[in-house]
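Those protein sequence lines, which keep their order, are chains H and E. If you read the first sequence in my numbering, its first letter stands for residue 1, the second for the next number, and so on. If you read the second sequence in my numbering, its first letter stands for residue 1, the second for the next number, and so on.
Calculated directly from the structure, the hints in this document are not laboratory data. Built from N, CA and C at the ideal position, the CB exists for glycine as well. If a hint is listed, it holds; no wrong ones were tucked in.
Rough simulated footprint, nothing fancy, chain E against chain H, three-plus residues with beta-carbon under 8 angstroms:
no.	segment
1	54 to 66
2	83 to 90
Pairs of lysine-lysine residues, derived as PhoX-like cross-links and limited to a Cα-Cα distance of at most 25 angstroms, are as follows:
no.	chain 1	residue 1	chain 2	residue 2
3	H	Lys131	E	Lys19
4	E	Lys18	H	Lys131
5	E	Lys88	E	Lys19
6	H	Lys246	H	Lys320
7	E	Lys88	E	Lys18
8	E	Lys88	H	Lys131
9	H	Lys246	H	Lys312
10	E	Lys245	H	Lys76
11	H	Lys76	E	Lys88
12	E	Lys88	E	Lys245
Partner residues are not named here, just some residues of chain E that face chain H (Cβ under 8 angstroms, in silico):
no.	residue
13	Val16
14	Lys88
15	Arg253
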Amino acid sequence: MPGMTPPLSLRGLTKRYGGQPVVDGFDLELEPGRCHGLLGPNGAGKTTTLRLSLGLIEADAGTVELLGHPMPAAAKRARRRVGVVPQVDSLDPDFTVAENLQTYGRYFGLSGQAIAERTPALLEFAGLAGKADAPILTLSGGMKRRLTLARALVNDPDLIILDEPTTGLDPQARHLIWQGLRRLISQGKTLLLTTHFMDEAERLCDVISVMDKGRVIARGSPRELIAGHIEPHVVEIYGDGLNEWKPSFLPSPASGARGEFGKHGFPPSQPDRDAARSVGREAGVGGEGNALCHRCEQAGETLFCYTDDPEKVVAELEAKPGLRYLHRPANLEDVFLKITGRDLRD
Amino acid sequence: MISFGWMPVWRRNFLVWKKLAGPSLLGNLADPMLYMLGLGYGLGGLLPAVDGVPYLNFLAAGTLAYSVMNSATFETLYSAFSRMHVQKTWDAILNTPLGLSDILLGELFWATAKSLLSGVAILLVVWVLGLYESFALTLALLPVALLTGFCFAGLGLSINAVSPNYDFFLYYFTLAITPMILLGGVFYPPTALPGWLAAIAAWLPLTHAIDLARPLILGKWPEGMLLHAAALLAYGMAGFAAALKLTRRRLLR
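Put together the whole structure using the sequences plus the hints.
The following block contains the structure:
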């Protein structure tokens, strides 16, 4: 949206710890009213980016503008219009649900009466109506997260920053949080969230930045990322006899391009759907005819086969009763694993 | 620029304290009172007059100062550490328009206020039992308690800033608080100590607090009043400045 101040603008942001860059020339511009996801393995620099954005720590290089205010110089002023859902539970255990909102609202300079007037709507939003006087210790994990979300809304923020909002929650609780976040997006709030759950990012985010080693390694809508980085179908194969049978599966070495084992290619910086698709075709069934998939990856006892043409693979697999398989559409997690690798980070 | 950002932080601590006031009052107020009365009557019964007054009267000033010190120290060590490190209350506040200086000032003033309450409790016993010479002079114990609380709140926050866990506080208690109780003149006049030890003791913050409190109970204005007050203020401010710097390094980098 031209002419509007971006809720958050990061340029060339760099933060080093002990000489090691944790955030390394990071650029980001949020669009008002959109949900932006920040994905990356542990240690990719997501939380540090959020802390820099909030003006809690100072960058070694680059600039941060939060709601038009330079950070960290105008941090206190900018944070008036920001709500934060931190990764770690920080509710006041000695207070009730309503007292938590009261206390937190006072940190924004709100009057007790103003907070009290907002409280019923916030509790309703969080699915905690009727729990105003409940002690925090009696709440479930999901309720606590929802209260933390409600707490972040006490100042009616324009931008809401969420650091792994659903980590540790059961599916029911996650879906409730998602509903809440969708409501916020539809109200025109801007969201910036980090998550390890690809389905969460896929469902909520308009734009996703994948981070690794402090840099953006891919950016786009969930669909763009999937189309631009990966074949549309995945067949996961496992079971006895996988190793003997595997060779017939491999992309033919002659056709080159995408058939790689245990090695993770670096993605194109600008995902280009058509280009990626045409590469997939060339590398795949077009050549020798014996290769059933375009790209394979083995993780432990499972072979991940990425393909444009799953029917052939599946037909072949049906004839091998020793092998079990799961055929599914490619998702963001496949993209994520492809571009950040399967190695553990911590 | 004067900021009142510390007020909601102070208020938060006050509201939590109000909920748990029962056990807190008992621990902070009744404990030193029992010591004073037990030692004052029990040990005092065996002793001749100390500094020209019954031992209980002598002990009152020391108990007041040490009770205030303890209260401010526990609040800025264990309680503040819980809020900072365990409950992440400070982290939550840092996401709001408030800053670290607001949080630490709120903690400083809260611990000062809470320890003042401990001083007032001892003062009530002093009044009820008539352990004073001049009632008017005992009123000056209120600002003394306030200064003493401020001093130890500032010092305590600096220890809190560098503590990795609760156990770390034992160093402070063993190396600072306990020696101060023994050398600062709580239980006996520092004149009873060897000269070199008394010289060291004269520098301790608790000694300054007792040097102010004891004469007021014994019915005279303290000698070097401004010097003692300035020393307490300086210790507290130095502690607070260190706390600000060290906590910033701990939480905001």
